[in-house]
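Student: Per the UniProt record's numbering, residue 1 is the first one in the sequence shown, and the count goes up by one each step.
Hints are computed from structural coordinates only; laboratory data are not their basis.
Keep in mind that a hint or two might mislead.
Said to hold, decoys possible - Here are the simulated BS3-like cross-link-like pairs (lysine-lysine), alpha carbons at most 27 Å apart as the crow flies:
hint	residue 1	residue 2
1	9	346
2	288	212
3	9	306
4	38	346
5	306	290
6	437	212
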Amino acid sequence: MYTFSNRLKIGSFIAMGLGVIFLAIGFLSAPSTVEEAKAIVAAHDDGHGGGHGQEAVSHGGDQGHGESAAHGTEASHDEGHDASHDEHLLHQLQNKPWAALYVAAFFFFMIALGVLAFYAIQRAAQAGWSPLLFRVMEGITGYLVPGGIIVFVILLLSVMHMNHMFVWMDADVVAHDELLQGKAGYLNPTFFLVRAAIFLGGWIFYREYSRKLSLAQDESDDDSNFIKNFRWSAGFLVFYLVTESMMSWDWIMSLDPHWFSTLFGWYVFASMFVSGITVIAMVTIYLKSKGYLEQVNNSHIHDLAKFMFGISIFWTYLWFAQFMLIWYANIPEEVTYYVARFQDFKLPFFAMLVMNFVFPLLVLMNSDYKRVNWFVIMAGIVVLAGHYLDIFNMVMPATVGDQWYIGLPEIGGILFFGGLFVYWVFNTLTKAPLQPKRNPFIEESRHFHY
């Protein structure tokens, strides 16, 4: 039975406390008026000042509209344009702490969700190598409950107009936007929350029921619970594939409601899948370093590192397929998604590519290195940081535009949710023995060597 070390527990509480303080500073320092927003931009001008005019053009087509206006109304139109731009700037700065909170909340939630998918695949495939890792996976997926509740609360507060992250939730915006009016049957607040509740309810139900069957199998004298878990896992994977794609459309892609990609669901899945597998490897190595999971050997770690490498390449394939087709077609309503990122997010955008593709390709290609624990940990830290930037690049351009920077809210979000994640996962690991007793494949897992 795992014992939660006081040092790790205290560290997680300190991280959460600092995270709350940093996030609170971010929310309290957000502007409440246009004048405050202008003052903040003037004080923090770091070379992005030219982006506002470009952004106003891309968001509203204001330039073309101004050129077509009658000369007699040019002055009034310019005033209206300036007022609209100032309000847009205010909303961007008000969104900044919310977006930082949302990115971190979603990132750690998606790790648990990625692990849940990997766990269900192992169950449905009746894999023989992985049963020794099931308790680690169940510990990580325990975060689905608090993580899912927090994400749902953020979405609920968005529906209640506590922020301006989802522009389609603003009735005034929809009233002047034919495209959003055409999508209103799907993109409406009530249906949005209903879908979110269904997604979270299904994912959490499977996790809790599968965990119950897993623990019951340890005390059973037959394999009935194992067989039930197999059947539920196979059915859940169908539910998961549908709901994960819809979730990515709702929670991420609808931040840019005029843009869409048919690959987006798979793209988000690849990011959460590799992040989840990476955390499984890191938690397993940590537990082994503390004298637990004695029967987990270098072959298990090697397989996890192979998945880290393989899914990183899969993520790159999806990223390039999405980017290349949009870039080559050069259709204005599609390519603006990447134009905004090239213009205003060069550093996080290209850093993400290096950390999520180039680094894993060069570092994890060697088979011997996949068996070196500290090497896998080092690679895992970079991969996780890269996929945090991936979510950052998905959320920030639509919510804060060129007003982004890594500040206290972003650091606070990582600290708070990272601390909560560590506490919840390792506390869950204390609730049951780390090694399953009566899994039919447990002996195969114990003798897994190659």
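Student: If a hint holds in the structure, say so; if it does not, say that too.
Tutor: Taking the hints in turn, this is what the structure says about them:
1. For the given pair, residue 9 sits about 37 Å from residue 346 by alpha-carbon distance, which is inconsistent with the 27 Å threshold.
2. For the hint linking residue 288 to residue 212, the alpha-carbon distance of about 25 Å falls within 27 Å, and the restraint holds.
3. A C-alpha spacing of about 31 Å is found between residue 9 and residue 306, which places the hinted pair above 27 Å, so the restraint is violated.
4. Distance check on the hinted pair: residue 38 and residue 346 sit about 24 Å apart at the alpha-carbon level, within 27 Å; holds.
5. This hinted pair checks out: residue 306 and residue 290 have alpha carbons roughly 24 Å apart, not beyond 27 Å.
6. Proposed proximity of residue 437 and residue 212 is supported: the alpha carbons are some 14 Å apart, at most 27 Å.
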